[in-house]
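Visitor: Chain by chain, the residues:
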Amino acid sequence: GIQVEQSPPDLILQEGANSTLRCNFSDSVNNLQWFHQNPWGQLINLFYIPSGTKQNGRLSATTVATERYSLLYISSSQTTDSGVYFCAVRGGSEKLVFGKGTKLTVNP
Amino acid sequence: GAGVSQTPSNKVTEKGKYVELRCDPISGHTALYWYRQSLGQGPEFLIYFQGTGAADDSGLPNDRFFAVRPEGSVSTLKIQRTERGDSAVYLCASSFGTDTQYFGPGTRLTVL
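Protein chains in written order, with my numbering: chain A, 1 to 108; chain B, 1 to 112.
Hints are supplied without guarantee of correctness; some may be wrong.
[What the hints assert, rightly or not] Facing chain A, according to a computed beta carbon distance under 10 angstroms, are these residues of chain B, among others:
id, residue
1, Leu46
2, Gly59
3, Asp63
4, Phe65
5, Gln101
Derived from the structure by calculation, the hints contain no laboratory data. Values in this document were obtained by computation on a predicted structure and should not be read as measured data. Just so it is clear, CB atoms sit at the ideal spot from N, CA and C, and this is done for glycine as well.
Turn these sequences into a full structure, and let the hints steer you where they fit.
Guide: Structural data, given as structure tokens:
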């Protein structure tokens with residue numbers, strides 16, 4: 001089945017810093033979603049981005065489907081950005097396959 | 001409108017007992033998914049419903065796990081003869097067609 005790798009596994013930032021999270025996947029995909037899992041465990045949708053670039057406030061994402069990767073950019077990070085960021089893809093079936101996540105800690 | 005809701009939020013049971021976990025999807029969403037998340041891992045797929053039927057149950061770990069969606073809306077995940085290894089957060093998601101999946105808050109299951 002399709003494999004999803006996320007890097008880095010852990011990231012510690014000072015408030016105000018920028019960061020880039022990466023997601024590599026092993027096969028062509030029909031769907032790619034980025035999620036933020038908050039400290040209470042809720043998975044919050046950030047982007048639905050099987051290809052192209054999208055922006056939402058301080059967050060933006062780019063997926064290059066032909067090269068099988070996606071990037072999530074966080075600018076001017078805030079302490080509330082802390083949590084785990086997951087990339088999930090859908091290939092030939094309807095299920096989402098998740099990576100192991102990037103744990104982000106933003107210190108004040 | 002309301003998001004995906006799941007009940008109970010926490011469930012503690014003893015090894016060997018039977019449990020039921022409930023999911024209420026977003027109104028109008030035709031597809032419903034169950035995932036399981038162990039500590040430090042990403043969610044893993046269990047089963048997918050399109051309408052009332054289970055279109056893909058390839059992620060169910062064994063025959064102790066079963067799920068139903070009798071009227072094409074609410075779904076129940078049923079676990080028989082629970083084992084300590086079943087302890088995890090069980091997540092439900094719904095979508096309209098095969099579009100963006102929206103997740104509920106999860107049920108934390110602890111098997112003692």
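Visitor: Using Cβ atoms only, decide whether Phe65/B comes closer than 10 angstroms to chain A, and label the hint accordingly.
Guide: Since chain A brings no Cβ nearer than about 15 angstroms to Phe65/B, farther than 10 angstroms, the hint is violated.
Visitor: Given Leu46/B as an interface hint, is the shortest Cβ-Cβ distance to chain A below 10 angstroms?
Guide: At 9 angstroms from the nearest chain A Cβ, Leu46/B passes the 10 angstroms test, so the hint holds.
Visitor: With 10 angstroms as the cut and Cβ atoms as the points, is Gln101/B at the interface with chain A?
Guide: 6 angstroms, holds
Visitor: Would the hint on Asp63/B stand, with a C-beta cut-off of 10 angstroms toward chain A?
Guide: Violated - the Cβ of Asp63/B stays beyond 10 angstroms from chain A, reaching only about 20 angstroms at its closest.
Visitor: So, as I understand it, the hint says Gly59/B touches chain A; can you test that by seeing if any CB pair is closer than 10 angstroms?
Guide: 7 angstroms, holds
When held up to the earlier numbered hints, the structure conflicts with 3, 4 and fits the remainder.
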